[in-house]
Amino acid sequence: MKPSIIAVVVAYNDYESLTKTIESIYEQVASVIVIDNSDREMLCEIYPKPIVYLKNETNIGLAKALNQGIQKALGLKCDWVLLLDQDSLARVNMIEKMLASLESYPYEKIAQIAPLIYNHSSKNYFPSYSYHGLRIQKIFKPSQDSWIDFHITSGTLISKEAFEKVGLMDEDFFIDYIDYDYCFRIKEKGYKTLLCSDTLLEHTLGTQNRKIGINFIEHAPWRIYYQNRNRIIVMRRYGSMVRAFVMAESLRILLKFAKILLLETDKNKKIKYFVKGLYHGIKR
323 MKPSIIAVVV
333 AYNDYESLTK
343 TIESIYEQVA
353 SVIVIDNSDR
363 EMLCEIYPKP
373 IVYLKNETNI
383 GLAKALNQGI
393 QKALGLKCDW
403 VLLLDQDSLA
413 RVNMIEKMLA
423 SLESYPYEKI
433 AQIAPLIYNH
443 SSKNYFPSYS
453 YHGLRIQKIF
463 KPSQDSWIDF
473 HITSGTLISK
483 EAFEKVGLMD
493 EDFFIDYIDY
503 DYCFRIKEKG
513 YKTLLCSDTL
523 LEHTLGTQNR
533 KIGINFIEHA
543 PWRIYYQNRN
553 RIIVMRRYGS
563 MVRAFVMAES
573 LRILLKFAKI
583 LLLETDKNKK
593 IKYFVKGLYH
603 GIKR
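Each residue of the sequence shown is one higher than the one before, starting from 323 at the first, in this note's numbering.
By construction, these hints were calculated from the structure, which means they are not laboratory data.
Mixed in with the good hints there might be a few duds.
Heads up, simulated DSSO-like pairs for lysine-lysine below, C-alpha to C-alpha not over 30 Å straight-line [said to hold, decoys possible]: (1) K581 to K463; (2) K394 to K342; (3) K514 to K445; (4) K605 to K581; (5) K511 to K399; (6) K386 to K591; (7) K460 to K445; (8) K394 to K371.
Construct the entire structure; sequences and hints are all you get.
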């Protein structure tokens with residue numbers, strides 16, 4: 323019997339991208355659930371095809387919105403939940419290929435299945451990660467299915483069993499590092515993440531700036547706060563299990579601070595939020 327799959331899309335102030343995302347996945351799943359965190363109506367009520375639409379009065383954060391959609395999907399008795407950002411486009415037969423890969427590993431404890439990610443911003447493939455002691459393996463476009471430890475949230479197909487055994491997203495994370503936390507929790511619980519080599523999701527991962535030959539994404543101060551706060555929390559939670567992650571993130575903290583000082587605007591405010599995020603992550 324074919325598994326029942328429901329897609330959950332979290333929306334925020336971009337109806338055009340949202341519509342394209344829904345269209346790309348609509349025929350591949352049993353139903354589409356849209357959780358709308360926008361500060362204005364996204365007009366999904368007039369979307370021409372049936373969807374489940376839940377509008378929040380305020381932006382409640384990504385993790386909490388994802389959980390709203392996941393709980394709604396599980397209430398509709400699905401077997402798997404597909405999580406999507408509003409700026410993600412699923413290629414034709416993506417779900418079919420993911421399920422075909424799943425059938426090749428009947429005895430493995432697979433919590434989530436992930437596609438390859440093509441990043442429109444950088445015009446290349448976004449890596450998944452596998453951690454081996456102090457070594458990090460970046461996996462961009464493998465020739466065969468691979469076991470991984472980390473994949474971004476968008477495009478992941480997560481089983482009902484995983485939500486029952488591993489739990490939902492941590493709602494203490496408003497945005498950023500939600501995916502790291504969940505992927506590492508899956509690993510901690512003894513489950514696996516499968517990267518499917520013949521599937522593809524097109525995704526936009528931020529607009530890059532370039533100065534003095536350096537590419538960087540300039541985030542708002544509040545976003546820098548959550549990045550630092552949440553990365554420290556994840557490092558503290560799982561550091562003994564993924565030591566290479568701790569080393570890599572420590573370096574990223576230093577590099578981000580240098581980029582703020584050398585390249586970004588609004589330096590004083592960003593440094594304040596940068597330090598505040600680190601402090602709250604340590605004190606959490």
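| field | Hint check, failures only | value | Violated: none.
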